[in-house]
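Student: In this note's numbering, the protein residues as written are 101 to 398.
FYI, nobody ran anything at the bench for these hints, they're computed from the structure.
Values in this document were obtained by computation on a predicted structure and should not be read as measured data.
Don't take every hint at face value.
[To be verified] What follows is a list of derived Cβ distance ranges for each label pair:
| no. | residue 1 | residue 2 | range |
| --- | --- | --- | --- |
| 1 | Ala-196 | Thr-396 | 30 to 36 Å |
| 2 | Gly-195 | Lys-361 | 39 to 45 Å |
| 3 | Ala-351 | Gly-200 | 42 to 48 Å |
| 4 | Ala-351 | His-266 | 34 to 40 Å |
| 5 | Arg-343 | Ser-382 | 48 to 54 Å |
| 6 | Asp-352 | Ala-144 | 35 to 41 Å |
| 7 | Thr-306 | Ser-382 | 16 to 22 Å |
[Said to hold, decoys possible] Straight-line Cα separation of at most 20 Å, SDA-like style, residue types lysine to any residue; simulated pairs:
| no. | residue 1 | residue 2 |
| --- | --- | --- |
| 8 | Lys-361 | Ala-351 |
| 9 | Lys-361 | Ala-339 |
| 10 | Lys-361 | His-398 |
| 11 | Lys-361 | Ile-344 |
| 12 | Lys-305 | Arg-285 |
| 13 | Lys-305 | Trp-272 |
| 14 | Lys-305 | Leu-389 |
By construction, the Cβ of each residue, glycine as well, lies at the ideal position given by its N, Cα and C atoms.
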Amino acid sequence: MTAPTTPGPSPRTTGSRTTGSSPAVSGPATTGVAASPGGPASVALDLEGRVALVTGAASGIGRACALRLAAAGARVRAVDRDGEGLASLAGEAEGAGVAGAFDTRVLDLTDLDAAETTAEGADILVNNAGLQLVRPIEDFPPDVFRTVLTVMLEAPFRLIRGALPHMYADGWGRIVNISSVHGLRASPYKSAYVAAKHGLEGLSKTAALEGASHGVTSNCVNPGYVRTPLVERQIADQARTHRIPEERVVADVLLQDSALKRLLEPAEVAEAVAYLCTPQASFITGTSLTLDGGWTAH
Numbered sequence: 101m102t103a104p105t106t107p108g109p110s111p112r113t114t115g116s117r118t119t120g121s122s123p124a125v126s127g128p129a130t131t132g133v134a135a136s137p138g139g140p141a142s143v144a145l146d147l148e149g150r151v152a153l154v155t156g157a158a159s160g161i162g163r164a165c166a167l168r169l170a171a172a173g174a175r176v177r178a179v180d181r182d183g184e185g186l187a188s189l190a191g192e193a194e195g196a197g198v199a200g201a202f203d204t205r206v207l208d209l210t211d212l213d214a215a216e217t218t219a220e221g222a223d224i225l226v227n228n229a230g231l232q233l234v235r236p237i238e239d240f241p242p243d244v245f246r247t248v249l250t251v252m253l254e255a256p257f258r259l260i261r262g263a264l265p266h267m268y269a270d271g272w273g274r275i276v277n278i279s280s281v282h283g284l285r286a287s288p289y290k291s292a293y294v295a296a297k298h299g300l301e302g303l304s305k306t307a308a309l310e311g312a313s314h315g316v317t318s319n320c321v322n323p324g325y326v327r328t329p330l331v332e333r334q335i336a337d338q339a340r341t342h343r344i345p346e347e348r349v350v351a352d353v354l355l356q357d358s359a360l361k362r363l364l365e366p367a368e369v370a371e372a373v374a375y376l377c378t379p380q381a382s383f384i385t386g387t388s389l390t391l392d393g394g395w396t397a398h
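Model the full structure from these sequences, guided by the hints.
Tutor: This is the structure in structure tokens:
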């Protein structure tokens, strides 16, 4: 997700996401913000024989989720429009000994029919892909607004629609929608992103109610600011725009309302996704698992 900030220069497309000038997440070398000590411990999870579809899998949260589910034994359909990023993911999977678990597919989620077809036969669906543009409503391009809602709301609907027949027939399924704190709260200049995430929350709850009798759960995971390449670029852009050090962008903008003054790691989000796939989480459905460092406690 991106920080509440004043609008900046025109957006640029990066991998599966379009970014404006709002801050991004950076590593400790550039921001001075420490990573989580030791990293997350893995939850016990056996997904042998399951098929998991992860969108936006070329980088960031999606990449971490794809690798985590593959490590648990799932065969992963890793979907992204960034072919080079998918090739890099495949290389990392080979190094981790799970290359055979990956089926990488280049797909633009604005092709909704292809998205629905791609989800057929999936036991686990992780809707992660997203875009961002920071603009006041009066200056927000209608075509970009439409694209954001297509990729972040309509595509998840079509993916869920494609996956449910197999899940229902099997009597088991896990839908995990990577939402955001902005699915629960709003920030200025992010009308499309906030609208899409709020809509995703409602879609997820509806899928939970419909899927309960079929053994299918549907939940949202709501991260705060995550240490991803997307956010790193945004921090650098914001620091240049406002002529302030990058560590101030992180402390004064991204983490202003967070009780925990560090960035969330993609692997921590992936562990939350993994937990929702465990048998112990079978009674968790229709809810939002917030990983925001205390932001929404205010």
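Student: For every hint, state whether the structure bears it out.
Tutor: Hints versus structure:
no.: 1; hint: Ala-196 - Thr-396: 30 to 36 Å; result: 34 Å, holds
no.: 2; hint: Gly-195 - Lys-361: 39 to 45 Å; result: 33 Å, violated
no.: 3; hint: Ala-351 - Gly-200: 42 to 48 Å; result: 43 Å, holds
no.: 4; hint: Ala-351 - His-266: 34 to 40 Å; result: 46 Å, violated
no.: 5; hint: Arg-343 - Ser-382: 48 to 54 Å; result: 52 Å, holds
no.: 6; hint: Asp-352 - Ala-144: 35 to 41 Å; result: 40 Å, holds
no.: 7; hint: Thr-306 - Ser-382: 16 to 22 Å; result: 19 Å, holds
no.: 8; hint: Lys-361 - Ala-351; result: 7 Å, holds
no.: 9; hint: Lys-361 - Ala-339; result: 19 Å, holds
no.: 10; hint: Lys-361 - His-398; result: 15 Å, holds
no.: 11; hint: Lys-361 - Ile-344; result: 19 Å, holds
no.: 12; hint: Lys-305 - Arg-285; result: 17 Å, holds
no.: 13; hint: Lys-305 - Trp-272; result: 17 Å, holds
no.: 14; hint: Lys-305 - Leu-389; result: 13 Å, holds
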